[in-house]
Structure formats: C-alpha cells, structure tokens
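K.L.:
Chains G and P, in that order, give the protein sequences. If you use the working numbering, the first sequence corresponds to residues 1 to 299, in order. If you use the working numbering, the second sequence corresponds to residues 1 to 263, in order.
Think of the hints as simulated: they come from the structure by calculation, not from any bench. Any given hint could turn out to be false.
Said to hold, decoys possible - Sample of chain P residues at the chain G side, in silico, Cβ under 10 Å:
#1 Leu17
#2 Ala27
#3 Arg40
#4 Ala92
#5 Thr101
#6 Thr102
#7 Glu106
#8 Gln232
#9 Arg254
#10 Arg257
#11 Ile260
As the structure is a computational prediction, the values presented were derived from the model and not from experiment. From the three backbone atoms N, C-alpha and C, an ideal C-beta is built for every residue, glycine too.
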Amino acid sequence: MITVEHLTKRYGPVPAVSDVSFTAEPGLVTGFLGPNGAGKSTAMRMMTGLTPPTSGTARILGKPYAALANPGRRVGVLLDAAAQHAGRTGRETLALSALLTGVGRHRVDEVLDVVGLTSAEAGRRVRTYSLGMRQRLGIAGALLGEPDVLILDEPANGLDPAGIRWMRDLLRDFAADGGTVLLSSHLLSEIEHVADRLVVIGRGRVVAEGTKDELLRAAGTFVRSTDDAALATAFRDAGIDAERQAGGGFTTSADAEQVARTAVSAGVLVIELRDTSSRGLEELFLELTADDAREAVSA
Amino acid sequence: MTAVRTAPATATRSATLKPVPFTRLTAYEWRKQLDTRAVRWLFVTIAVITAGVLAVSALVGEGNVSFEAFVTNTSTPLAMLLPIVAILATTAEWSQRTGLTTFTLEPRRLRVVWAKLVTAVGSGLAFFLVAVVIAALAHLAVITFRDADADWGLGAMTAGMVLMLAIWMVQGVAFGLALQSTPGAIVVYLVVPTIVGALTALVQSWENVWPWIDLQTSSMPLIMGDPMGGEQWAQLAVTAAIWVGLPLLVGILRVQRGEIKTA
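From just these sequences and the hints, can you work out the full model?
P.N.:
In structure tokens:
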C-alpha cells in the first residue's frame with residue numbers, strides 16, 4: 001500500500017511535482033504514466049525518502065519510508081538501473097544488499113534465477129552489462145528482501161520485447177500474491193497490459209487517474225451531423241460542453257445517449273456517433289499530456 | 001527461470017523486522033570500501049611502493065635498520081594512499097551512484113556517515129597492523145641476513161603515525177562527503193596541502209602562525225616522534241578542526257539536509 005497525499009516539490013520557483021495524490025493498493029499493479037520530465041522520478045524519490053518534499057506526504061505500508069524498520073525487507077526499490085557500481089560484479093552488488101538487509105545468501109542465487117541472469121553473467125563486473133542486464137540486476141535487487149511493495153522507475157527501459165513480457169508476468173504474479181506494485185513509464189505500451197490502475201501525470205500534476213476502463217469511459221463521445229451549426233446550438237441549450245472538431249463534428253464528455261437525445265429534440269440528423277474510447281489509450285494518453293508536454297517544452 | 005518465490009511476504013513478518021543494526025551497517029560499509037576494482041589497484045600500488053621502500057632501506061647501506069624505522073617505511077605509503085580508499089568509499093555513493101541503494105536500504109543517513117567513519121578508521125588501524133607485521137618481518141630479515149642489531153623498540157613516532165593515519169582517514173571521508181565527487185575530493189585532498197605547504201615555505205614571517213593553521217605543520221612533531229607539549233596538542237586540535245572537522249560538518253549537513261542526487 002502506497003498513499004501519496006498532496007505531494008509537492010518545488011526547485012526554487014519551478015514546481016517539479018504539484019499536489020500529487022493517489023493510492024496504490026495491494027494486489028494491484030499501478031502504472032505511473034507520464035512523458036519524460038513530468039515529475040514521475042521526483043515523486044518516486046520523495047516516496048522513498050531520498051528527496052524531501054516541499055509539502056505533502058508519502059506513506060508506504062502506513063508509514064513514511066524512513067520510519068520503516070529495515071525498509072529493504074518491506075519495499076523493493078529500483079529508481080535507476082544505471083546506479084550500480086561499475087567496478088563490482090552483479091553477484092557482489094546483490095550480496096552487499098543481502099548483507100545489509102539480513103536476508104540469507106541463498107536469496108542472491110534465487111533472485112538471480114528469477115531475473116534470468118546466469119551465474120557467469122553475475123560474475124562479471126557491472127561495467128560490462130547492457131542496460132537490459134542492469135535492469136534485470138536492479139529488479140533482482142528490488143526483489144531480494146522479499147518485499148510487500150515494489151517501486152520501480154522505468155523498469156522496462158532497455159529490456160527487449162521478451163524481457164518486457166517477462167517483467168509483466170513477474171509483476172502480475174507479485175500483485176496476484178497480494179503485493180503492491182507501482183511502476184512508472186513514459187510509454188503507455190509498456191504498461192497498459194500490466195497495470196490495473198493508471199495514474200497519468202503531466203508537468204508535475206495528476207491529469208487522470210483510474211482503471212483503464214474508467215479512463216476510457218471518461219474520454220467521451222464523438223458525434224457528426226448534417227447540420228453541425230444547429231447541433232452546436234442544441235448542445236449549448238442543453239448545457240452540454242462540446243468541442244467542435246476541425247474535420248467536422250464534435251467531441252463531448254456527454255455519453256452517446258445524451259448526445260442522441262439532444263440531436264433528436266433539435267431535429268438534427270446524426271450521421272456518426274461513437275465512443276471516443278475506440279481511439280485507444282495511446283491517444284488518450286497523448287491528449288491528456290499533450291498540453292502539459294508542450295508547455296514544458298516552451299517553458 | 002524456475003518458479004522461485006517472488007511473492008511478497010505476509011504482513012505478519014513486519015512485526016518481527018528490526019531496524020538494521022549498526023554492526024551490520026558497518027560490515028556492509030566495510031565490504032563496500034574494499035570490494036571494488038579501483039581499491040584493489042590502490043592496494044597493489046601501496047604494496048609495490050612499500051616493497052620498493054623496504055628493499056632499498058634493507059639492501060642499500062649497512063642494513064642496520066631498526067624495527068621502528070621499518071614501521072615508518074611501511075606505514076608511510078599507507079598513510080599517503082589509504083585515505084584515498086576512504087575517499088573512494090565515500091564518493092562512490094555519488095560518482096558510482098550507489099547512494100540510491102545505500103540510502104534507500106538505510107534511510108537514517110547519519111548512521112551511514114558514522115559507519116563510513118568507523119570503517120575508515122578501522123581500515124586505517126587494521127592496515128597499520130599489517131604494516132607493523134611486515135616491518136617486523138623486514139627487521140627479522142636484516143637481523144638474520146645482514147647482521148643488523150636487534151632493536152624492537154616502538155615509541156612516540158609509531159604512536160604519532162597511528163593517530164595521524166586515523167585523522168587522515170576521517171579527513172578522506174570528510175572531503176568525500178563535502179565534495180561528493182571522486183576526482184574533486186582526491187584532487188583537493190592531494191593538492192590543497194601542497195599549496196598550503198608551499199605557502200608555509202614562502203611566508204616565513206608567519207612561522208608562529210602556521211602551526212595553528214596548517215595540519216601538516218602541526219602534525220610534524222607527532223610523526224617525527226618529537227615531544228608534544230600542551231601547545232603542540234592545542235595546535236593539532238585546532239588544525240584538525242579546520243581541515244577535518246569543518247569539511248566533515250559541511251559533509252554531514254549536505255548529506256542530512258539535501259536530496260540524494262546522483263546524476
């Protein structure tokens with residue numbers, strides 16, 4: 001269980017994370033989705049006690065991270081797969097964490113096996129690892145303490161498609177056994193099949209949150225008619241907020257039935273009426289974050 | 001890949017979990033200090049220099065070298081290079097970005113600092129002991145093969161060296177914490193004393209002031225085995241406060257207050 005409330009981080013006047021609140025429940029994989037620079041990593045660093053928040057709180061298993069006794073046994077953290085000592089072997093990297101957290105040495109071999117690093121690979125220095133191997137080593141490190149919660153920042157980065165599938169299965173199993181998983185990504189395709197819930201973040205703010213179904217439902221309806229001008233008037237009279245599209249027609253947050261009734265009572269002939277969910281999550285994600293991403297570029 | 005348990009443990013385990021004890025944190029830091037390739041090469045370097053110095057003093061001249069003279073021979077290369085091990089062990093948290101792991105596994109950051117200090121001083125003492133053993137063997141060798149006089153006495157010089165080695169190890173950690181950069185800390189550690197040393201030679205009129213400012217000047221009588229009066233100890237304390245205490249304070253504040261930034 002991860003509870004984030006009004007989490008805010010400002011660097012001088014620049015807000016990196018603004019009033020972010022959400023909950024990641026046990027038994028579910030929560031996807032933390034947003035474009036690069038949206039504030040995902042900063043938020044995760046605040047959750048794990050590395051970055052002090054300007055305001056707000058993050059609690060893990062009911063406590064601030066730093067108040068957990070032996071946090072390596074409760075929370076598996078992977079914030080940056082590249083943050084491993086290049087001059088140590090993979091096995092030594094894990095053995096060190098095993099020493100500190102007090103798990104037996106056998107766990108090192110177990111997690112190496114879980115992430116699919118061979119004994120020969122584990123004996124090589126991290127300097128020689130590909131990003132995909134570092135990612136696997138990092139995930140091994142996160143799993144080492146048999147935690148209840150996983151916090152993984154861009155864990156799919158550098159994994160090949162087979163690796164992404166493997167990680168998906170791993171996280172699904174972890175959640176199915178009652179664990180809490182929070183993983184971030186800037187690519188929807190990486191997490192749309194693994195995440196039960198999505199928290200979409202853009203420019204430091206939560207722009208959408210919910211299950212995939214909820215998010216799609218919220219996307220609304222697209223309607224096209226033979227007389228868009230009359231339909232626009234009808235919408236206005238009915239108090240429906242509709243946005244005129246460049247190629248004709250409207251998008252609106254109202255559902256299809258509401259739109260159809262409005263059109264019928266205005267005597268407007270509707271020639272196309274559909275849920276905008278058919279666009280898919282990708283488009284929704286782009287739409288939700290596009291304004292924020294653009295602002296971020298111009299800022 | 002086999003079906004090994006990756007499942008989260010049940011909540012019942014949380015009650016039995018205790019905070020990481022300081023002894024285990026210290027063991028962790030100690031192993032981290034010594035298990036990297038860079039440090040292995042440093043030890044090779046120290047061993048080669050020590051062997052060279054020993055060979056020269058044992059073979060050149062009459063070979064009548066006392067035990068304490070050998071201890072000076074073996075501990076000097078150590079004193080020069082071992083603090084760099086302390087620097088590397090500290091700055092790797094930032095330069096090698098291991099701080100992300102260290103400070104998430106032990107969020108009580110000040111304890112990590114203490115563990116680093118304990119292990120740095122511990123390594124200083126442990127390797128000094130090794131240096132003493134090697135010096136003993138060298139002294140035995142010159143007694144056996146070069147008919148040297150047996151002179152096993154150890155005095156103020158050895159004690160002074162132990163104390164200074166401990167101070168330099170703490171200084172290595174302090175510089176590492178304050179600068180959080182491997183090249184930065186090493187350069188400052190090696191270059192600043194050289195510059196200050198040159199200044200002490202240039203500004204002779206400050207002859208009475210330097211021992212209160214420069215750690216090298218104030219530590220000279222200690223290393224040379226000269227008698228240390230109250231004034232000398234006071235000078236050592238003041239200069240150690242400036243060159244060790246101050247950077248350590250800055251380092252602790254940086255680690256305590258700030259973000260663990262590694263990139």
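K.L.:
Each hint should be assessed against the structure and marked as holding or not.
P.N.:
For each hint, the structure was consulted:
no., hint, verdict
1, Leu17, "5 Å, holds"
2, Ala27, "6 Å, holds"
3, Arg40, "9 Å, holds"
4, Ala92, "6 Å, holds"
5, Thr101, "7 Å, holds"
6, Thr102, "8 Å, holds"
7, Glu106, "7 Å, holds"
8, Gln232, "41 Å, violated"
9, Arg254, "13 Å, violated"
10, Arg257, "8 Å, holds"
11, Ile260, "4 Å, holds"
Violated hints, listed in ascending order, are 8 and 9; each of the other numbered hints is respected by the structure.
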